[in-house]
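Peer 1: Sequence:
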Amino acid sequence: MAARQVVAGPSGPGRDEEAALTFERAHYRHDTRWLLPVPSRLCLACVLELLPEPGVSLVRKKHVLSCFRDVLVRHASLVVQLVAQDQRVCMHFISTLFGLLRNMEDGSIADVCIEVLIQLTTQLKSEQTIQCLLDECHKELCNMPTMRDSLATLTLLGKLVDAIPVLADKLVMEHGDLMEHLLRGLVYPNEGVQASVCYLYGKLFSSPVAAEMLSGHFREKLCPLFLSTLDVAQTKELQINCLGLLRQLLKYDLFVSVIMNNSALVESPNSVEGPPGETSLPLVLKKLLLSRDEILQVASAHCITAVLVHSPAKHAPAFIHADIPEFLFEHLSSSSEVLTWSCYNCLILLAEESLFFSKCHTVYGIESVVRSLQGSLRMNNTELHKQGMLLFAEILMRQPEEIKLFTSSAMCRDAGRALQEAVSSPVLEVATEAVKAASAFLRKDHQSALPVQYKELRSLIEAMLNRCADFSQTPMSRRPLGHASSRDLEKAIFRRGKFLLNTLEGFRNACRLAVEFQSEPSAQENPFTAPSAEKEDTLEAFSEFLLSACDSLCIPMVMRYLEQTAHPALMEVFLSILHSLFVIVPHMKEKFSKKLAASSFIRLTMELKARFCSGLSHSALNQVCSSFLYYLCINLFSALEKTEPPSREELSAVSEVLQHGLPQLSSRNPESLALLSDCQYVEGAARQRQYCILLLFYLAYIHEDRFVSEADLFVAVRSFLLSLQDQGERPPLVVFRASIYLLATCQDKEDALDEAVVSAISKFLEDIPDLCLIYTHHSLLLRFFLLYPELMSRFGHRVLELWFSWENSSYEELDDVPSAGQPALPASLAALFHILRSSPSILLILLDLIYSSPVDIARKVLIVLKTFLRRNEDVQVGGLIRGHFLLILQQLLVEHGASPSEASRNLPLLLSLLSLVQLRNESKQELDSMAMKLLHQVSKLCGKCSPSDMDILQPSFNFLYWSLHQTTLGSQKRAAAVLLSSTTLIELLEKMLALTWAEEGSPRTTLLCSAWLLTASFSAQQHNGSLQVHQTLSVELDQVLKALSFPKKKPMLLSAAILCFLRTALQQSFSSVLVTLMPSGAQPPSAHQDTVLAPLGTSQVLSLVIALQNLLVQKDPLLSYACVGCLEALLNYLHSRSPDMALHVASQPWNRFLLFTLLDAGENSFLRPEILRLMTLFVRFQSSSVLSHEEVGLVLQGAALADLSTLSNTTLQALHGFFLQVQNVGLLADHNMAQTLQAFLEGLSSRASSTEPPLQDMLCLGGVAVSLSHIRD
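Residues 1 to 1273 (the numbering used here) make up the sequence shown, in order.
Keep in mind the hints are simulated off the structure, nothing from the lab. Glycine included, C-beta positions come from ideal geometry on N, C-alpha and C. A portion of the hints provided could be inaccurate.
Said to hold, decoys possible - Label-pair restraints from in silico Cβ distances:
{"hint": "1", "residue 1": "Cys-679", "residue 2": "Arg-495", "range": "49 to 59 Å"}
{"hint": "2", "residue 1": "Ala-711", "residue 2": "Glu-429", "range": "48 to 58 Å"}
{"hint": "3", "residue 1": "Leu-893", "residue 2": "Pro-586", "range": "31 to 41 Å"}
{"hint": "4", "residue 1": "Thr-1076", "residue 2": "Arg-871", "range": "43 to 53 Å"}
{"hint": "5", "residue 1": "Ala-752", "residue 2": "Pro-556", "range": "54 to 64 Å"}
{"hint": "6", "residue 1": "Pro-586", "residue 2": "Ser-486", "range": "43 to 53 Å"}
{"hint": "7", "residue 1": "Thr-1076", "residue 2": "Ser-841", "range": "47 to 57 Å"}
{"hint": "8", "residue 1": "Ile-493", "residue 2": "Glu-383", "range": "37 to 47 Å"}
Using the sequences and the hints given, assemble the complete structure.
Peer 2: Quick look at the structure:
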C-alpha cells in the first residue's frame, strides 16, 4: 500500500480532480500509455478498474463516466486508438460498462452508461464488439425472470439500433426470440418499459427488411397489443414512442391494412371476433387530437395522413365515421403553424372521399377554413398558405351542388376576400393555388346565398387578372451574356401559360355564373339596396364588368402569350370565354363582335383550326373555334352598318352555310384559296365550304383584316363566279354580296375583269329583285360598278342611289362654301370625285338621281355636284348637264304641263344645279342655241307656276337673271326678247311685285328680290333694244316710294332691288313700254311744278330724297350702291325737267350732314366707291354748301397719301371720276392744287391698266342671284 501511495505521489492543491479520476490502489501499476494527454489527466486503466469496484461510491463512478464521456466526445481518436490496441481490453471495457448498466438502479448513471456504450461502440466500429454487446443484451433479457429490470437493456438496444440501423436486420434474424420478450415488456405494467419496447420496435420497423420479417409477428401478436398500449398510454414518453412506432408502421401498406382492418372489426357493431379490449386506430388518434398537447395533436394528424396516403378511398371512411374531420376543422383555429399545416394535409386527403361531403363535414367546417385562411395569410409561411388554398380548392371543387356550402352571404363575402388576398400573393405557388380555388369558388351553388356579392366577385376577378398580368409581364431570366437558356425559357413560358390557363378557367367560370344567374330573378340585383342608391351589385353591372375586363386584360394577355407559343387547351378556354360574352351582355354583342373582327380574331381562329384541328386532333378546340366563329359571324351580319339589314331568311341562309362549313374548315389560307379557285365540278359539300370561306373573308375584309393577298383572293373569287356560271348555280344572296365586295376591294387599278366574268356578274345581278340586297357601302364597290360600261349602264343608277343613301358624311357643311380655303373632302367623296373626273358621263346619272330620287338623297347628290363643279372648274361639263336637263325639263312640261310643281319634289334641286352651272360659265360669253332653249323652257316653267311655288321660282329666277347679265350685249338682247315673249312670265312678275307691299315679313322676300331685279333687267333691256312687248306690267308708284320711305320691315337686299328698279325707271324718264307706273287712288290737282316732274310730285321727290338719305346712313355696301345709283338717276331726271329743282335737291344742308356721317366710318373712309360717287354728284351740281373747295383739297391730300395699290378697281374708277369732275368744274382755283390734281389724274390713268382684275360680279346672296354691276351701275 505504501508503494502505491509513493507512486501516486503526495496529495496537495491541484491534485483533487486528478485523484478523483484515478484509482489509487491500481494506478501505480498502469503504464503511462493509458494516461490520456488531455487536461483532465484521465487514466483509461483506472477507469476500467474503478467502475466495477464495489467500494467506490456511485457519485464517483458517475463523475468518472461523465468525464470519460466528455473525453470520448472530444478526443474520440485517442480513446479508440488506446482501446482498439488490444481486443481483450476492448471486450473487457464493454463487459464492464454493460455490467455496470445491469447492476445500476440509478437512472441518471444508467443514461450516462448507455451513452458511453453507444459512443464507444459506434467509434470502435468492431463487429466483434457489437456482437458481444448484442449477446450480452440477449442473455440479460433471456435470463431476466421479470421485465422489471429490463428497462436499461431495452433502452440500450433501442439506442444502439438507432445509432447503427443495420443492427435492426441482424437483431431480428439472429435474435428473433427477443421479440417474445418485447411482447412481454409491452404488456408489463410499467410505462417506462413499454416506452422502451415501443422505441426499440420503432427502430426495428424502420428497416424494410426487418419489417418484412416481422410482418407475421405484427399481424398475429403485436398489432392488438400495440393499439391497446397506445390507447391507454398515460405518460408522454410512452405516447410519443408509440406514435413513433405507429409512424414507422404506417409507412408500409401491409401494416396499414392490418391496423385498419383490425380497427374496422372493432368498430363494426356486429363484430364478435377478436379478443376483448382491442382498439380502433381512428378512435385512438381522435383521443390524441382531443388532448391539449400540441405535440400529440400534430403527431396524431401526421399518423392520419400517413394512413390516408395509402388509399384515401379505402381508409377515409373509418376516420370520417369517427368524426375526426370535425376535430381537424376545430384545430384550424390553432396558432401553431405546424398543427394547422398538419390538419390541412389530413383534410385534403379526407376530401377525396365523397362521404366527407355527404356527412356535411364541409358545411360544418367551412367557416373554420375561411377564418384559418384569413389568419394564415398574415403569416410568412408560404407552405401553409399553399396547403390552405389547396384544401379550400378541394372543398370548393368537390362539394356536391345539392349541399349548400355557404349558408350566408356574409360567409361567402369573407371567403371571397380571403381568396382575393391569396391571389395577390407575390409567391407564385400560393397565387396558383388561390386562382384554382377562386375558379372553383365561382360556381352558382357557392354564390346562391342572397344577396349575391357581385361587388366582391368583381374585386376577386380583378385581383386574379391583375396578378396574371403582373406575372405575364415579368421579364424572363437571362444569362449574363444576354442569351436566354432555351430550357429555362421554355419552363418560364410553360409556367406563364399554366398560370394564364388557370386564370382564364376562373374567368370562364365567372362568365358561366353570369349566364346561369340570368334565369334567376332573385339574383338580378341586391333586394336590400335603396331604390335611389346607385346599383353596383347587380348582374347587369357585373356582366358589363366581365366584358370590360376581358377586353382590357384577358385579350391582351392571351395575345402576348400567343406571340411566344400557342397552347390548344388555353385557346379553347379563351374562345369559350369570348363566346359566352355574347350571351352575357347581349346588348353589346354586336359592338364587341366588331371589335373582335377588327382585331383579327377571324384570322386568329382560322389559324388555330388550321394548326391544331386537322384530321381528328383537338376535336374540342375545333368545336369551340367553330362555335365562336359561328356566333361572331352571325353577330357581324346582324350589325353590318353599310348594307341593308339582313332579313330573317338571309340570316337563316348564313346560319346554314356556317353550320355546315365551319366544322369542316381546317385548312390554311393557300389551301382555302385553292378550294375557291377549283375549276373542276364542285360538289355540294365542297360548295358549302366555298360559301363559308367567302363569308369569312368578306367579314374580315369589311373590318380591315386582310390576311390573304388581295391579288390571290381576286383571282380566286373570279374563278368561283365562273364556276357557278358553268354549273348553272345561283349562290345565296349573301354569298354573292360577299363575292362582289371582295372583287371590288381586291381589284387592282390595272387588273380589270374580262368580259366573261363581267357578263356572269351581270346575269347574276339581273336575277336579283333589288340591288340593295347585295350592296355593301364602299367607294371601291361604287368604282367597280362604274368602271365597266355594261354594269354602269344597267345598274349604275341604282348603285349610285344606294351609295348616296348610305353616305353619312355631313354634306351640309360643303354647301355654299367658296372654293378658296375649303376643308378637306371626306375620303368617300374624294373617291367619287376621282371617278367623276375620269368619266364625266356619270354626271348624267347623278342628274337623273336629283330628279327621281327621294328628296334627302337628291339633296345629297345636289351638294356633291355643286362641290364637284366648284372644285373642278377645269372639267367642262356645263353643256352635258344643260343638255340633259333640257330633256328632263321638256319631258316634265309635256307630262305635267298644267301643274309642273306637282311633277317632282326634286325639280327645285335641278334648277338650283342649273343656276350653279350658269354661274360657273365665263362672263360675257355668247349664249348658244341650247342656252336659248333652256331660257325658253325655264321661262315657260315659271309661267306655269304660281307665286307660292317659291322652291321652283327662286332657282328659276336666278337662272334667268344670271343668263341675262352673264353674256354679251348681243346675247342679252336675244335672251331678253325670248323672255319678254313669255306673257305668263310677265304676268307672274306683276303678281310678285304686288306682293311686296301686301305681305310684310313674308318668307318669300328672296323671291321678291329676284322679281324686282328681273323686272328692272327686262325693262332696261327692252328700252335699250326697243324690243317688242307682248304683255305689260303695272306698278303702283306710290307703293314703291312708300316701301323705300318705310323700309323697317324689309331686308336691305329687297330695298336695293326696288331702288334698282326705280333707278331704271328714272333713267328711262318713266317712259318704259314694258312697265307702267300707276298712281294709287285719286290724285289732287297738280301744281305747275308737279306737272313738269310728272309722274312724280315735288313732295314725292323730297320724300324720296329723304328715304335715300336714310338708307345711306345704314352703311350697307350693296344698299349704298343702289342708293347712290338711284340718287344719280333722280338728279339727272330732275335736271332734265327742272334744273332749279335738281340744284335745290343737291344743295340741301342735310346732304352735308349725310356726307360727314358716312365719312365718320374710319380713316380713309372717303375712299369707298359709293362715297366717292356721292361726292362726285355734289361736285357736279356745284353744291358748295355740301362740299367746299377746301374740303375737296383735303380729299386730294388724303388720296395722295393713300396706298393706291390696295384699292379695288371699282374704287380707283370712282376716285378718277370724282377728281375728273372736280377738274371739269374748276373747283380748285389754286394753281398748285390744280397741278397736283392733274398729276394725280395722270397717275390714276396709268394705274388703271395695271390694276388687278375686277372682283367677281355674279354673286348669290341669301339664295338671290345678284349682279354687282347691275346694282352699282
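Peer 1: Does each hint hold? Answer for all of them.
Peer 2: Cross-check of the supplied hints:
1. In this structure the supplied range 49 to 59 Å holds for Cys-679 paired with Arg-495, their Cβ-Cβ distance being about 51 Å.
2. Checked against the hint of 48 to 58 Å, the pair Ala-711 and Glu-429 passes, with Cβ atoms roughly 53 Å apart.
3. A hinted range of 31 to 41 Å for the beta carbons of Leu-893 and Pro-586 is inconsistent with their spacing of about 56 Å.
4. With their beta carbons about 47 Å apart, Thr-1076 and Arg-871 fall inside the hinted range of 43 to 53 Å.
5. The hinted range of 54 to 64 Å is not satisfied by Ala-752 and Pro-556, whose Cβ atoms lie roughly 43 Å apart.
6. Remark: the range hint 43 to 53 Å for Pro-586 to Ser-486 is upheld by a beta-carbon distance near 47 Å.
7. Between Thr-1076 and Ser-841 the C-beta distance comes to about 49 Å, which sits within the given range of 47 to 57 Å.
8. The given range of 37 to 47 Å is broken by Ile-493 and Glu-383, whose C-beta atoms sit roughly 26 Å from each other.
Violated hints, listed in ascending order, are 3, 5 and 8; each of the other numbered hints is respected by the structure.
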